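J.: Place chain A on chain S using the hints.
Here the protein sequences line up with chains S and A, keeping their order. Under this note's numbering, think of the first position of the first sequence as 7, with each following residue one higher. Under this note's numbering, think of the first position of the second sequence as 9, with each following residue one higher.
None of these hints come from the bench; they were simulated from the model. Model, not experiment: these values are computed from the prediction.
Simulated restraints on C-beta separations:
{"id": "1", "chain 1": "A", "residue 1": "236", "chain 2": "S", "residue 2": "38", "range": "38 to 46 Å"}
{"id": "2", "chain 1": "A", "residue 1": "453", "chain 2": "S", "residue 2": "70", "range": "50 to 58 Å"}
{"id": "3", "chain 1": "S", "residue 1": "135", "chain 2": "A", "residue 2": "17", "range": "38 to 46 Å"}
{"id": "4", "chain 1": "S", "residue 1": "22", "chain 2": "A", "residue 2": "22", "range": "34 to 42 Å"}
All C-beta atoms in this analysis are idealised placements derived from N, C-alpha and C, irrespective of residue type, glycine included.
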Amino acid sequence: MRTLIFRATAPYLTALMLLYSIFVLLRGHNEPGGGFIGGLIAASALAIYGIACGVSPVRRAIRYHPMAISGFGLFLGAIAGIFSLFAGVPYMTGLWVYPTVFGVELKLSTTLIFDIGVYLVVLGAITSIALALEEKERD
Amino acid sequence: MAAAERPAIDLADAFVMEAPALADWLIVAPLVIGFIFAALCLMTRKDTGRQPVIAIAGLVLILLSVAGLFVHVLANGTVVMAMGRWLPPFGIAFVADTLGATLALISGIVGLATGIYALREADNTERRYGFYPFLLMMLSGVICAFLTGDIFNLYVWFEVLLLGSFGLLILGSRRDQLDGATKYAFLNLIATTLFLIAVAYVYGLFGTLNMADIARKAAVMEEVGPRLTIAALFFFAFAMKAAAFPLNFWLPASYHTPRLAVGAVFAGLLTKVGVYALLRILLTIFPADRDDLAIAIAVVAAASMMLGALGALAQTDMRRVLGYLVISGIGIMLAGLALGSATGLSGTAFYTAHSMVIMTALYLLVGIVGAAAGTFDLHRAGGLYATAPWLAVVALILAFSASGLPPFSGLWPKIFLVKASIDVGAWWLAAAILLSGFLTTIALVRLFAFAFWRPANPDMRSMTLGEVPVARLGLPVLVGLCGLTVIAGLYPEPFIQVSDRIAFELMNPVGYIDAVYAPMPIQPAAAEGAVQ
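The following block holds chain S by itself, in its conformation from the complex:
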């Protein structure tokens, strides 16, 4: 789609959506949100960028192949449960630490690692499909 307005706004829209997707990802443990929906938002951000500016700028911008991103997410998901081995609890038990950084208590957990894994799997898989479809369209 080659309209000037869309092409001018798409990069800002993409940046905003990516930022928002990370917000949704991080709030997801106790509130609506999480890795899956965050990954979908991020994937649609990249899809919008692809529709506005073409597929190859997107591929250049994300540097890695979408499937490789998915693979990394899967890797994170699989290792998130292994921390339990060292804590003496069964596989996939959520483990929490509460470090205080600059006066703010951070709630970090193995669940978050798993959720980031889900985010990356969804982002990679949907982006892979979306970019392939967008490439087809211009042929």
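T.: This is chain A only, laid out in the frame that chain S set:
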């Protein structure tokens, strides 16, 4: 930890308080290893030289972990681990009894054997499109299906292994592959849907999805109707997945289309997951309903045996011959389930393990034979005895073993099953087992006679084994699998002991239920030590 400021809650109500023994971690090892190595293969998808190294390392580790689990289960009985520390039935439990651990071990062997064989078969394009990630995911899906103790989780693993198998089936994107994959995918999705409907009924009826929990609630349930409906639905769904008559037609339509390594791993593993699910659900969970369904299972079993054996005789493509033999083997496994006696179930357990190894080996053998003869068509192949005498020896051993002739591993389970059939007066079932064995012998010896004994077809350019790329790694793999069948045939006592134990555990599901629910009330002293 900031947890101190929270109100005191008795965690023992909801949590597993004991630290799991280190050896118990073997039960999730295949899952973790499979997913991590599949992810590594995905991340290196362009690097087709490194992918096989990663994948073989993953397959070796999976085999080691399931072998360790098998030894652990044999020594210490059923192993249970509740995911996320939540007590069953809330947390998903992985439960490895002897049946699950044995089948997981054989799956590990089959996975590694086909992975090694595929090193020379899968080309760079197939590697880039995900051959190894699919293989690893499918294998961990299969193994986790054998190990899970939660019926919805079983459904999830079925999905994982199906997705992996869809991917493997269409690698190459040839016309006949897509044709086969459509039938395969469509019929498997119908079976999966029925499975899911049955799971929904189970949840509606019992309010739980944990297998041990369902089993103990079903045992005291007085209404037969709803329970029998669910059992019948499960039987229908899993019989379809196991390719039992009359829902078998997807298998010969699809298994001959992909690479032989893929066909081998499919034939070795996929249909057996269906058989495993039938054993688990109809014996551990709904034993009373198995008795009601026994006659239907027996008819399905006998029909599958005969149809498979006759189908194998009628085919001229070597790969299709094997596809029908898989179906015939499924019938023989179901015979033990229909009989339900200790001897019969022992035979089924032994035959399932035997069949996983033998069907994989037969597919790999046909891969080498087809490559050496230049064709899979029985009418045109020939002359391999002159160029590859040792391959002929291997082929003959496998043919005898698959037909149940002595001195190989197919003999003993068939003896058990025939004896168990005669014990209850089911002469026709015994006759079907013997007749299907006889027909299988003819089908395989026909394959042997055409491909090996007949003089070479002058139109075909047959190669020596040195010229066949898959033979260099394929032949040692085949010899290894043959070794297993010879050992199990000549020295069957340890194998029979294991299958007797499987039969005992299946007939006494209380052991399975106790393993999931008994260890939970524990001494407070031990619990405190475990938490902090």
